[in-house]
Each structure stands twice: as C-alpha cells, then as structure tokens.
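Here are the chains, one letter per residue:
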Amino acid sequence: EAQVTQNPRYLITVTGKKLTVTCSQNMNHEYMSWYRQDPGLGLRQIYYSMNVEVTDKGDVPEGYKVSRKEKRNFPLILESPSPNQTSLYFCASSSTGMPGYTFGSGTRLTVV
Amino acid sequence: DQQVKQNSPSLSVQEGRISILNCDYTNSMFDYFLWYKKYPAEGPTFLISISSIKDKNEDGRFTVFLNKSAKHLSLHIVPSQPGDSAVYFCAASVWGNNRLAFGKGNQVVVIP
Chain D
1 EAQVTQNPRY LITVTGKKLT VTCSQNMNHE YMSWYRQDPG LGLRQIYYSM
51 NVEVTDKGDV PEGYKVSRKE KRNFPLILES PSPNQTSLYF CASSSTGMPG
101 YTFGSGTRLT VV
Chain F
1 DQQVKQNSPS LSVQEGRISI LNCDYTNSMF DYFLWYKKYP AEGPTFLISI
51 SSIKDKNEDG RFTVFLNKSA KHLSLHIVPS QPGDSAVYFC AASVWGNNRL
101 AFGKGNQVVV IP
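Quick mapping for you: the protein sequence lines, in order, are chains D and F. For the first sequence, position 101 matches number 101 in the numbering used here, and the numbering has no gaps at all. For the second sequence, position 23 matches number 23 in the numbering used here, and the numbering has no gaps at all.
Isolated chain F (complex conformation) (with noise of 0.2 Å):
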C-alpha cells in the first residue's frame, strides 16, 4: 500500500516559469516530510524538508507548503532553471524513526 502518492509523473515547464510537484499521504503518523532531487546516473539528493509544526518552509527557490489537514504537501520551485531538470521524490516519516516512506517520483523537465 502505497503511503506518499505522487500523481502526474511528468512536468515540463518553460524556464523561468513556476514549477509545482504534488504529493499526498496517508499516514496520519507522519510528521515530517522531505524533497529529495536525482539526476540520471547518481544517488538522491536531500532538497527541503519541513515539519509538522509548520506549514512552509523556504530554501532560495524551493518553497515547500504542508496542508496537514488535506494530507498533501507541494514543492514550488520558482524561477525554474534547466539545472532543476531532474526525478523529484516526496518522502516522509515519523521524527524519530529512520525509515522513509518514498513516492514514485516526478519527472520534471525545464524548457530553455
């Protein structure tokens, strides 16, 4: 069962333009979300993370908002760039507890 859904597998977007991944859970036990970024051929790579106590947290041109109510979290990247081009995954956990639940990824692709 599949707890950190990310629907729309792909985005293409114009440089310059607003970029906005979606991600939803079910577990009302998480309480802490992060963003991770993949380029082809290399490991995930920590992006943004926020916790349950907030509701935004920003990172340059990372933005990510948490709606603890609708169990749904977004990551906003703002402006886009060709470097952002990349497999982005949601995760979230329980603080405390190591293990991450992941989603299946989105792929996002920047127009120059």
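Chain D on its own, in the form it takes in the complex (with noise of 0.2 Å):
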C-alpha cells in the first residue's frame, strides 16, 4: 500500500530534550515536506526536499532540522524543543512536478 508513515503518533516532551519525527515513503516520490497544523492557521510548512541532499526552508523554519540522506526518509529534529512548537505535524510526499500530496496520519507533539 502506497504510503507515508510518520512515527511517533503521540509525544509528550520536556523542553529543551531533543527530538526526532521519522518520515518515510514507499512511493519512490523526489518531494518531501514537513507541515505544522495549528488552531486558526491552518497547515504551514516548515521544510521541504525536492531530492536527496536537496533541502530548502518553508515558511516557518525556526527551531526545526531536516535532513534526506535516502530518497524515502525525511526526519523533523527539534535540536531544543520550546512549548511554541506544540502542535500537529504532517510530513507529506509527492512526485517532481506534481503537486498532489500524500500525507501521513500526523504526530501530535505537546512540549511541556
């Protein structure tokens, strides 16, 4: 089954202690991307891939990492977590050129 898996779904942390959510896909897709969904604004980006080696910031990239070392993974890493990062992240993939994205199910991540 064509998909984009994110783990963890749920994370409770404390601030400051680093953090990885994991981002892979089975669809051979080039464009990877990181989203955040919050009340009232909707889903922005934070990052995004067009390949591997190849990232770029969004529009909201403060306190966040990428890396894509292999074509399916696209890890979030949060080097100092803060409670302003709390919030619904959606990693996302598509094919070059193609718009239409396929999402994952979303980590909730709550930074205390």
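For the record, the hints were derived by calculation from the structure and aren't laboratory data. Predicted, not measured: the structure shown is a model, and the values here were computed from it. Just so you know, even glycine gets a beta-carbon here, dropped at the ideal spot from N, CA and C. Warning: the hint list may mix true and false statements.
[Claimed, not checked] Here are the computed lysine-lysine pairs in the DSSO-like style, where the Cα-Cα straight-line distance is at most 27 Å:
1) Lys5(F) - Lys57(D)
2) Lys18(D) - Lys69(D)
3) Lys56(F) - Lys5(F)
4) Lys56(F) - Lys57(D)
5) Lys54(F) - Lys5(F)
6) Lys71(D) - Lys18(D)
[Claimed, not checked] Covered by chain D, according to a simulated footprint, are these stretches of chain F (three or more residues, beta-carbon under 8 Å):
7) 38-48
8) 54-62
Grab the two chains, each in its own frame, and use the hints to assemble them into the complex.
If you want it as structure tokens, here you go:
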C-alpha cells in the first residue's frame, strides 16, 4: 500500500530535550515536506526537500532541522524543543512537478 | 502573508443539501488548485483539483469551480452526507513547482 508513515503518532516531551520525528514513504517520491497545523492558522510548511541532499526552508523553519540522506526518509529534528512547538505535524510526499501530496497520519507533539 | 484565504471557518448544513466552500487567492502565478479533506486524527487526503485552463471540474458529488479573473474558487458538495463532516483545505500551486500554499481550512458539519 502506497503510504507515508510517521512516527511517533503522539509524543510528550520536556523543553530542551532533543527529539526526532521520522517520516518514510514507499512511493519513490522525490519531493517531501513537513507541515505543522495549528488552530486558526491552517497548514504551514516547515521544510521541504526536492530530492536527496536537497532541502530548503518553508514558511516557519525556526527551531527545526531536517535531513534527506535517503530518498524514502525525511526526519524532522527539534534540537531544543520549546512549548511554542506544541503542534500537530504532518509529513507529505509527491512526485516531482506533481503538487498532489500524500500525507502521513500526523504526529501530535506536546512540549511542556 | 496568506496567499490562500478561506473565510467562514465553519459551516453547518443539513444532510442532502448543498455545501459550498469558498477560497480566494492572491498570487496570480498560481495555476493549479486542490481541495483536501481532513478527518480528526488523520492526515489530509486529496479530494479534487482543477487546472487554470478549466473553470469547472466534477467528480461525483464534488465539483470545483474556478474564476480566474476574481482569483476565486469554490467547492460544491451535493448532496451533503454525514461522512462529509470534516475540515476542508484549499491549496494552490504553480504547476511544476511542488510547493503548495494552504488556506486555514473550513470545518463542515453535516447534520443528519
């Protein structure tokens, strides 16, 4: 089954403790992206990657890092999480030039 | 600056009636538009799209209308069903560019 898999689904952590949210897709998509969803703000792009070793900032990249060492994986790293990063995070992928994304099921992160 | 705007954050409609969701965009370079549907605890899923060379696209109960001169699109759901209760996101892109700009979403509640 074609899918984007995120882990974990739920995470509660403390301020300053580094964490990684993993994302993997099995569709051989070149393009991958991370979004966060917050009440009243919709979906905002954090980072995206056009292909292996090619990443770029989205609209709200502060406090996040990403890497794209393999085509299928695109982890989101929070080096020092803060409470304002409490949010619902989605990973998405698509083929190059095709704007129709496949989204993962989401990761609900709470930073206390 | 929000390039894709969805006003009227929530909509309640009786089962069997029409649901109409509106979306406005500001970037005249956008030429491909999509609607995504999102249930709680799930990622957004693609619903329907339209290219700027068309002014209407229909898929079953879902029809999207595009008015390029007004930079406006709308999604019609006829007839509305309880399973349509979800958040609907409007999104826009430039064809060939994977980046999507999303609106804030509209909550639709279909009353049985």
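CA of Lys5(F) to CA of Lys57(D), is that 27 Å or under?
-> Cα-Cα ~22 Å, so holds.
Can the restraint linking Lys56(F) and Lys5(F) be considered satisfied, given a maximum Cα separation of 27 Å?
-> The hint holds at about 20 Å.
Would you check the hint for Lys71(D) and Lys18(D), treating anything up to 27 Å between C-alpha atoms as holding?
-> Given pair Lys71(D), Lys18(D) holds - Cα atoms ~24 Å apart, limit 27 Å.
Examine the segment 38-48 of chain F: at least three residues should have C-beta closer than 8 Å to a C-beta of chain D.
-> holds (count 6)
Given the hint that Lys56(F) pairs with Lys57(D), does the C-alpha gap stay at or below 27 Å?
-> 34 Å, violated
Per the coverage rule (Cβ-Cβ under 8 Å, at least three residues), is the segment 54-62 of chain F covered by chain D?
-> violated (count 0)
Are the Cα atoms of Lys54(F) and Lys5(F) separated by 27 Å or less?
-> 21 Å, holds
Straight-line alpha-carbon gap Lys18(D) to Lys69(D), limit 27 Å | 20 Å, holds
Checked against the numbered hints listed earlier, the structure breaks hints 4, 8; every other hint is satisfied.
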